[in-house]
Amino acid sequence: MNITILTVLYCIGILVLFCLFLFGILAIRYFIQMRHQRVMDKYYKKTEQLWFNYLIEDSQFTLKLIPKTTNEIKSAENILLSYINNISDEAIQSKISFFAKAYLSNYYMKMLTHRRWSIRMNTLYRIVDFRLDNLVDYCLENQAKLKTSNEQFQVFKIQSMFRKESFIPLLTTLQTIFSETEYRQIFIEMDEEMLECLFHLFEQLPKNAQYALIEVFSNKVDFEKVHHLEGLLVNEDAEVRIRALKGMERIGVIQDLNLILPFLKSSIWEERLMVAKLLKYGTLDQVEPYLIELFNDPNNYIQKEIMTAFKKEKIVEQLNEKSAKGIVNQPTKQQFVLEGH
Amino acid sequence: MLTVAVLRLQKKQLLDKTEITEQYINSFNSKPISIIVPAYNEEVGIIDSIHSLLNLRYPETEILVINDGSTDHTQQVVIDYFKMVPIQREIRTDLMTTNVVQIYQSTIHPNCLLVEKENGGKADALNVGINISKYPYFCTIDGDSLLDETSLLHVMQPIILSDGEVIATGGNVRIANDMHMRLGSLLSTQISKNYLVLMQIVEYLRAFLMGRIALSEFNLVLIISGAFGIFSKKWVIETGGYRADIIGEDMELVVRLHRAIREKGGKHRIEFVPEPVCWTEAPQSFSVLRRQRRRWYQGLLESLTVHIKMALNPKYGRIGLIAFPYFIIVEALGPIIELGGYIYMIIAFFLGEIYYEMALLMLLLFIIYGVLLSILAILFEAWSVNQYPKISNLLRMILMSFTEIFWYRPLTLIWRLEGLFHFLTKKKEWGQMERKGISKKETSA
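Top line first, the protein sequences correspond to chains A and F. Numbering-wise, my numbering puts 63 at position 63 of the first sequence, and it's gapless, one number per residue. Counting the second sequence from 1 gives a position; my numbering is that position plus 341.
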C-alpha cells in the first residue's frame with residue numbers, strides 16, 4: 001500500500017481511538033457522577049432533619065450525622081455551609097466548628113496536600129468556613145506545597161483569623177503583595193484593636209493594604225475614627241489623601257474645617273470634589289465663601305456636586321444671582337441635561 | 342490553544358465556585374454595575390430577560406432597558422408589566438447619540454428603568470445606556486438573553502481582584518432554545534431537538550471553550566460577545582464608545598480597547614471567564630441563521646479593516662503580532678481559502694485529476710478530526726460546570742458533528758462569503774431576527 005495512504009490511515013486510526021477514548025471518559029464520568037449524586041442524596045435525606053434538630057433545636061448529637069465516605073463528607077459540607085451562609089448565630093457556628101474538628105480534620109489534612117490545586121483550595125476554604133484552628137499549624141508547615149497566589153492568600157487569611165499575634169508583623173514583612181480587594185477581605189473581619197494597631201503601622205504597609213485599611217475604616221462609619229483619617233490628609237500619596245477625604249465624607253462629619261480648606265486650591269480635581277462633598281456637613285455661614293469658590297471651578301463634576309448637594313437650601317438660586325452679577329460662572333462644557341416632560 | 346484550555350479547565354474543575362459568590366455578594370467587596378439591555382422588537386422575550394436580571398445575585402445594579410425605536414409592543418409590554426412611570430433623569434453627553442424621548446422607572450423595582458429613544462441601532466442604544474448609567478462598570482446583554490443568577494459575581498471577579506487592571510471581561514454564552522423556564526429562571530437544561538440548534542450548540546462550545554479560554558490566558562481576546570460582556574465605563578468613554586457605523590460594534594470596541602491599552606502603556610487586560618453563563622436564543626431557521634452569520638462575518642472584516650494598522654505591528658505587542666494575524670488568516674481569510682479548496686476539487690474532478698482513494702480518506706480524516714474537536718468541547722463544558730451530559734445528549738451531539746462537513750460548513754461558508762460581498766459593497770443591514778422566545782414557558786398554576 002502507498003505510504004501516504006498508510007500514513008493517513010494511521011492518522012484516522014489514532015483519531016478514532018482518541019474519539020472513542022474521550023467518549024468513554026464522558027460516559028464513565030457521567031455514570032460515576034450519577035452514583036456519587038445518589039450517595040450524596042441518600043446522606044442528605046437521612047440527615048437533613050437530624051442536622052436541623054441538632055443545630056437549631058439544640059437536640060443531642062447523633063452518630064448518624066458522621067459521614068463515612070468522601071461523597072457523604074461532600075454532602076455534609078453542603079449542608080453545613082448552607083447553615084453558615086444563611087444563619088448568623090455563634091452557637092450554630094460553634095457546633096459546626098466542633099463537629100468539623102472532631103470528624104473532618106483528618107480528611108482535610110489529607111486534602112491539604114492533594115496534588116490537585118482545586119482540592120487544596122477547597123480545603124483552605126473549609127478551614128476558614130468551619131474555623132478549623134487546629135489545622136493552622138499543619139497549614140503553615142505545608143506552606144511550601146501551597147505555592148499559588150490564591151493559596152497564599154487563603155493561608156494569609158487563615159493566619160489573620162487564627163494567629164493574630166504574629167499576623168501584624170507578617171503583614172509588614174511579607175514579600176507577596178495582594179490586591180486591595182484581598183486586603184479588604186481580611187481587614188473587614190478584624191476587630192477594632194487590630195485595626196488600630198495597623199493604623200499605627202500605616203506607613204510600613206504596602207500601598208494596596210493602606211488603601212484597603214482606609215476603606216475599611218471609612219466603611220465602619222465611626223465618628224471616633226475620623227481623627228485617623230484626618231491624620232492621613234498630609235500623606236505624600238494623593239490616592240491616600242483622596243481616600244481619606246472620601247472616608248470622612250462617608251462618615252459624615254467635619255471636625256476641623258481648616259484641615260480640608262487647603263484642598264480647595266488643589267491641582268487634583270478629585271481632592272477639590274471631595275471638599276465639595278464635605279462642605280455639606282458644615283453650617284452655611286461657615287462654608288458659603290468656599291461654595292462660591294467651588295461653583296466657579298472649571299471642573300463640571302464639582303459644579304454639579306455643589307448644585308446637587310445644596311439645591312434644597314436654595315443656595316443655587318443665590319449663587320445664580322451672584323452669577324448674574326458676574327461673581328459666579330455658569331457651567332458651559334459637557335452640558336448636564338435634565339430631560340423629561 | 343487546546344492544551345491551554347485543557348489545563349485551565351482541568352485546574353478549576355473541582356473548585357467550589359460558591360465561595361466566590363459568598364465572598365463578593367456584599368457591596369463592600371464588589372463594584373456596582375449598570376446593566377444595559379438594548380432592545381429592538383423584543384416583545385416576545387423581554388419580560389423574561391428583565392426577570393432574569395432582577396433575579397441576579399449581585400449587591401448593587403441598575404437595569405437600563407433601551408428601547409431603540411421598536412415597532413412592536415416592546416415598550417408597552419415593559420411599562421405595563423413593571424408598572425413604569427415617566428421620570429426626569431440626568432443624561433450626560435459623554436457620547437454622541439440620537440435623541441432620548443423619555444425615561445421611565447418601575448414603581449415595583451426602582452432600579453429598573455426603560456429608556457425610549459429614536460431608532461439608531463444597537464451601538465447607539467448602548468451609547469445611550471452608557472450616558473445614562475450611573476455606575477463605573479456596565480454590562481451589555483441582549484434583549485432576548487438570560488443570565489444565570491451568579492453570572493455577574495463570576496464575571497466581575499477578575500476585575501475586582503485585579504483592582505481595575507482588567508478593564509473588560511466576557512462570559513460564556515450558551516444556547517437555551519427549548520429549555521424550561523419560569524420568570525427568567527431556567528428550571529432545567531436540556532438539549533434542543535432542532536438539528537440546526539443542536540449544530541449551533543456544538544459550534545458555540547468549540548468557539549467559547551477552546552478558543553476564548555486560550556486567548557484570554559495571553560490577553561489576546563479580540564471578541565467579547567455582545568450578548569454578555571462587562572466593561573469599564575471610563576475606558577469605553579475615553580475610547581469613544583461604540584461605533585454606530587460598524588456592524589460588528591462589539592468586536593470593534595474590544596479591538597479599540599486593546600489599542601488604547603497598548604498606546605497608553607500599562608498592564609491592563611481583557612479576559613474571558615468560562616464559568617458565568619448567559620443563555621441566548623439561537624436562530625431556528627436557515628434564513629435567520631444566514632442573516633446572523635453574514636452579519637458576524639461582515640462585522641469581523643470591518644473591525645479588522647478599521648484597525649489594520651495593528652497587524653504585525655510590534656507597537657501593539659502580542660495583539661498585533663499574534664491575535665491580529667490569527668484573526669486575519671484563520672477567521673477572515675479562512676472562508677476564502679476554503680472556497681478555493683472547493684473550487685480546486687471541482688476543477689480537479691472534471692479534469693480527472695482526483696486520486697479518489699486519497700480524497701475519501703482525507704475526507705474521513707477531516708470528519709473525524711471535527712468530531713474529535715466537538716467531543717473535546719463537550720468534555721470542556723463538563724469540566725467547566727462540573728456536570729457531565731446524559732449519554733443520549735452526548736450521542737446526539739456527536740452524531741451531529743459527523744454530519745457537519747456535509748451541510749453546515751458549506752452553508753456557513755456561503756453565508757460568510759455573502760458577508761464578504763456585503764463588506765465589499767458596503768451594505769449595512771442587520772436584518773430581521775425572528776424571536777420565538779427562548780423556551781417552553783411554564784403555565785401558571
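Check the hints yourself; a few may be wrong.
[Claimed, not checked] Computed cross-link-like contacts, DSS-like style, restricted to lysine-lysine with a CA-CA straight-line distance of at most 27 Å:
(1) A:K64 <-> A:K45
(2) A:K207 <-> F:K424
(3) A:K95 <-> F:K358
(4) A:K157 <-> A:K64
(5) A:K265 <-> F:K358
(6) F:K372 <-> F:K656
(7) A:K147 <-> F:K358
Note that these hints are calculated values from the structure, not bench results.
If you test the structure against every hint from before, which numbers come out violated? 2, 4, 5 and 6
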